[in-house]
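K.L.:
The primary structure of each chain is shown beneath.
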Amino acid sequence: MSNTVSELRAPAHPWPSLVPKSGMILFMLFLLVLLFMLDIALGSVSIPLKSVVAILFGSDQEPVAWEKIVTTIRLPKAITAVIAGAALSVSGLQMQTLFRNPLAGPSVLGISAGASLGVAVVMLASGGAANAFAIRQLGLGGSWLVVLAASLGAMAILLVVLAVAVRIKDNVVLLVVGIMVGNITISVISVWQYFSAPEQIQDYLIWTFGSLGGVFGSQLAVLSVVVGVGLLISFAASKPLNVMLLGESYARSLGMGTFSIRLFVILATSLLAGSVTGFCGPIGFIGIAVPHMARSILNTSDHRFLLPSATLMGAILMLVCDVIAQMPGAQTTLPINAVTALVGSPVVIWVIVRQRNLKSSFA
Amino acid sequence: MNDSMIQTRNLAIGYRLRRREFIARRKPSHPASKVVAGGLDLDLAPGELVCLLGPNGSGKSTLMRTLAGVQQPLSGSVLLKGCEMAGLHPKETAKLLSLVLTDRVMTGNMSVYALVALGRYPYTGWMGKLSDADEEVVRRAIETTGTRAFAHRHIGELSDGERQKVMIARAIAQDTPVILLDEPTAHLDLPNRLEIIKLLKTLAKEQGKAVVLSTHELDLALQAADRIWLMNPSGGSSSAMVAAIPESLVLDGHLEHAFKRNGFEFDPFSGSFRFSREGVRQIGLVGEGITAYWTQRALERAGCMVIPGASDIRHIEIETLNGEHKWKYVSGEGCRPVEKESLDELLSLVNESQNEGKER
Numbered sequence: 012m013s014n015t016v017s018e019l020r021a022p023a024h025p026w027p028s029l030v031p032k033s034g035m036i037l038f039m040l041f042l043l044v045l046l047f048m049l050d051i052a053l054g055s056v057s058i059p060l061k062s063v064v065a066i067l068f069g070s071d072q073e074p075v076a077w078e079k080i081v082t083t084i085r086l087p088k089a090i091t092a093v094i095a096g097a098a099l100s101v102s103g104l105q106m107q108t109l110f111r112n113p114l115a116g117p118s119v120l121g122i123s124a125g126a127s128l129g130v131a132v133v134m135l136a137s138g139g140a141a142n143a144f145a146i147r148q149l150g151l152g153g154s155w156l157v158v159l160a161a162s163l164g165a166m167a168i169l170l171v172v173l174a175v176a177v178r179i180k181d182n183v184v185l186l187v188v189g190i191m192v193g194n195i196t197i198s199v200i201s202v203w204q205y206f207s208a209p210e211q212i213q214d215y216l217i218w219t220f221g222s223l224g225g226v227f228g229s230q231l232a233v234l235s236v237v238v239g240v241g242l243l244i245s246f247a248a249s250k251p252l253n254v255m256l257l258g259e260s261y262a263r264s265l266g267m268g269t270f271s272i273r274l275f276v277i278l279a280t281s282l283l284a285g286s287v288t289g290f291c292g293p294i295g296f297i298g299i300a301v302p303h304m305a306r307s308i309l310n311t312s313d314h315r316f317l318l319p320s321a322t323l324m325g326a327i328l329m330l331v332c333d334v335i336a337q338m339p340g341a342q343t344t345l346p347i348n349a350v351t352a353l354v355g356s357p358v359v360i361w362v363i364v365r366q367r368n369l370k371s372s373f374a
Numbered sequence: 005m006n007d008s009m010i011q012t013r014n015l016a017i018g019y020r021l022r023r024r025e026f027i028a029r030r031k032p033s034h035p036a037s038k039v040v041a042g043g044l045d046l047d048l049a050p051g052e053l054v055c056l057l058g059p060n061g062s063g064k065s066t067l068m069r070t071l072a073g074v075q076q077p078l079s080g081s082v083l084l085k086g087c088e089m090a091g092l093h094p095k096e097t098a099k100l101l102s103l104v105l106t107d108r109v110m111t112g113n114m115s116v117y118a119l120v121a122l123g124r125y126p127y128t129g130w131m132g133k134l135s136d137a138d139e140e141v142v143r144r145a146i147e148t149t150g151t152r153a154f155a156h157r158h159i160g161e162l163s164d165g166e167r168q169k170v171m172i173a174r175a176i177a178q179d180t181p182v183i184l185l186d187e188p189t190a191h192l193d194l195p196n197r198l199e200i201i202k203l204l205k206t207l208a209k210e211q212g213k214a215v216v217l218s219t220h221e222l223d224l225a226l227q228a229a230d231r232i233w234l235m236n237p238s239g240g241s242s243s244a245m246v247a248a249i250p251e252s253l254v255l256d257g258h259l260e261h262a263f264k265r266n267g268f269e270f271d272p273f274s275g276s277f278r279f280s281r282e283g284v285r286q287i288g289l290v291g292e293g294i295t296a297y298w299t300q301r302a303l304e305r306a307g308c309m310v311i312p313g314a315s316d317i318r319h320i321e322i323e324t325l326n327g328e329h330k331w332k333y334v335s336g337e338g339c340r341p342v343e344k345e346s347l348d349e350l351l352s353l354v355n356e357s358q359n360e361g362k363e364r
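Going down the list, the sequences are from chains P and E.
In this text, residue positions in the first sequence follow this note's numbering: the first is 12, and each later residue adds one.
In this text, residue positions in the second sequence follow this note's numbering: the first is 5, and each later residue adds one.
Treat the hints with care, since some could be wrong.
[As the list claims (entries may be wrong)] Pulled a few chain E residues facing chain P out of the computed Cβ check, cut under 10 Å:
#, residue
1, Glu52
2, Val74
3, Leu101
4, Asp107
5, Leu119
6, Gly123
7, Lys133
8, Ser135
9, Ala137
10, Glu139
11, Val142
12, Arg152
13, His158
14, Leu226
Please keep in mind that the hints were generated in silico from the structure rather than gathered at the bench.
These figures come from a predicted structure and were not determined experimentally.
Beta carbons are placed, not taken as given, at the ideal position from N, Cα and C, and that holds for glycine.
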């Protein structure tokens with residue numbers, strides 16, 4: 012009798028599961044689709060959701076103006092928002108793991124600054140390009156050029172920061188170094204601007220405000236391919252990234268080739284953050300905020316689950332920011348960079364204060 | 005060929021001085037590397053618990069890092085289960101040798117279970133999915149170390165002792181015949197220290213693992229180790245190594261030599277160090293049992309050299325009546341004894357007379 016009772020009773024400490032709540036991922040997918048539609052529907056001209064769905068599924072019953080707006084402006088912008096949000100979040104997550112620092116992210120460690128330098132080199136050095144969207148008129152070759160320059164710039168800065176990281180184990184010192192390297196890069200750009208023609212500076216300044224619009228056709232294809240490759244490399248590195256959390260010595264003792272993994276992660280991050288920064292300008296805060304959101308919502312440190320959910324959450328948050336930026340009903344749009352900070356900062360503060368997770372996340 | 009787990013042949017450990025090489029080209033006399041210890045011929049058998057002892061700066065950590073393959077040896081070789089370590093793929097090394105380091109693991113939201121599961125890294129596929137057999141190994145490791153009760157908790161919420169046990173569980177989950185631990189008992193209180201050592205001893209005895217741990221706990225090492233590797237700073241800049249069972253290290257005076265400093269002396273009876281008592285006055289102690297032992301300790305702390313049973317010099321007699329203790333202080337032959345009710349009062353009396361003696 013007592014035997015059966017004790018058998019029926021669950022053990023005092025059941026074995027924990029390594030897999031977090033999977034319902035979360037489905038919910039996020041649903042949210043993503045919903046916000047994607049909303050982002051297309053809302054703006055200076057509001058289009059009913061039903062019509063948006065109809066247009067997206069190829070119906071020609073809707074007004075031509077709406078169809079034009081959706082297919083040529085809002086759809087590419089929404090896709091860009093999804094790509095940019097996913098790419099920045101995943102690169103931020105990888106940075107935080109690689110540097111084992113909760114404040115690491117593409118905009119803090121000077122990666123965005125490096126990408127800016129790359130873009131500045133292309134924009135300010137190509138003397139002939141004087142009109143507002145000169146780079147976009149360079150066509151496919153030009154867009155590759157911008158992506159390449161931005162990625163190379165990002166990678167160069169990341170390598171400098173990493174070279175310091177090899178010598179200095181202190182995360183705070185490393186962070187300060189990263190910020191300083193970023194500052195140096197920005198000041199180099201400033202000096203360059205000072206000696207450039209006003210028209211060229213204008214191009215560059217507009218670029219720094221950040222914009223999700225203006226990535227069309229072949230450029231969108233380029234961006235998707237580059238980000239896709241970056242995401243694939245990141246997902247493939249999720250097992251080594253988990254071990255990275257233990258620190259370099261443990262990682263090596265577990266048979267991981269830390270040097271090649273670091274290189275792969277840097278490559279992926281440069282591709283992700285570099286290409287997005289190249290096309291959309293330096294977009295702050297998504298890269299820092301989303302990884303923390305993913306960690307506290309999923310309550311795990313396993314990158315096999317963190318990476319996909321950061322991808323989804325980044326896309327969702329970026330769409331939210333874009334909906335706010337285009338101010339439904341108004342004729343103007345806000346610079347996306349301002350909105351991400353406005354939306355991102357409170358989210359980070361809320362998550363940290365509520366969960367007290369930042370401290371327990373990293374030391 | 006023998007069945008030793010780790011074997012070193014004429015191993016020299018230390019650091020290459022990268023920046024100095026540049027200077028060395030101009031000044032040929034300048035050394036390009038700093039040898040921390042040389043000529044090491046070590047042997048580690050399965051089922052053996054070895055404690056690596058040595059004063060600070062003698063190269064314990066360097067040796068640990070070299071044995072673990074994290075650092076390259078300056079010369080000589082490390083054989084891991086008969087294979088040259090330099091020729092092994094890191095993945096193969098990871099299946100032979102696991103590490104427990106002093107690095108604080110800083111992990112975001114990582115549960116104890118997930119951390120121990122990372123020990124299976126060398127065995128899992130590219131996505132790191134654990135098979136049922138892997139999970140079984142992880143669970144056994146957690147049960148062996150007695151960490152099951154907090155397997156679901158986050159690493160950040162653990163005490164130092166609990167965290168150390170978890171790190172050992174991770175090493176066990178890695179399922180290697182050799183485990184190296186760098187100061188596993190640092191920062192722990194005595195019960196936790198004993199528990200860790202007991203756990204390691206069980207691992208060595210019951211699972212036949214070869215365990216090497218570096219430590220500063222001399223008495224613990226003397227009690228628990230099957231063999232001690234003693235890093236002995238031998239005059240110059242590099243250390244020499246003595247490997248022997250604990251008892252013969254004490255008898256041969258190696259321990260005393262390695263840790264000798266001014267102001268300390270090694271007591272071969274207790275196997276521990278105490279403040280040396282130079283130029284102190286002798287004092288006799290008449291009495292027995294626990295009271296006498298702790299009275300002696302108190303007197304020694306006050307700087308006296310205690311001679312048990314001597315009543316013909318300055319001495320103390322302990323009287324016990326109905327479980328109450330009284331201390332009689334006799335400052336010399338024929339002097340009137342001074343009676344004290346507590347050890348506290350006795351000690352201040354002894355200190356007073358000691359100071360008088362100095363002034364005179």
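K.L.:
Look at each hint and say if it fits the structure.
P.N.:
Each hint tested on the structure:
no., hint, verdict
1, Glu52, "21 Å, violated"
2, Val74, "6 Å, holds"
3, Leu101, "7 Å, holds"
4, Asp107, "5 Å, holds"
5, Leu119, "8 Å, holds"
6, Gly123, "8 Å, holds"
7, Lys133, "8 Å, holds"
8, Ser135, "12 Å, violated"
9, Ala137, "15 Å, violated"
10, Glu139, "8 Å, holds"
11, Val142, "9 Å, holds"
12, Arg152, "6 Å, holds"
13, His158, "6 Å, holds"
14, Leu226, "29 Å, violated"
The structure does not agree with the numbered hints 1, 8, 9 and 14 stated previously, though it agrees with the rest.
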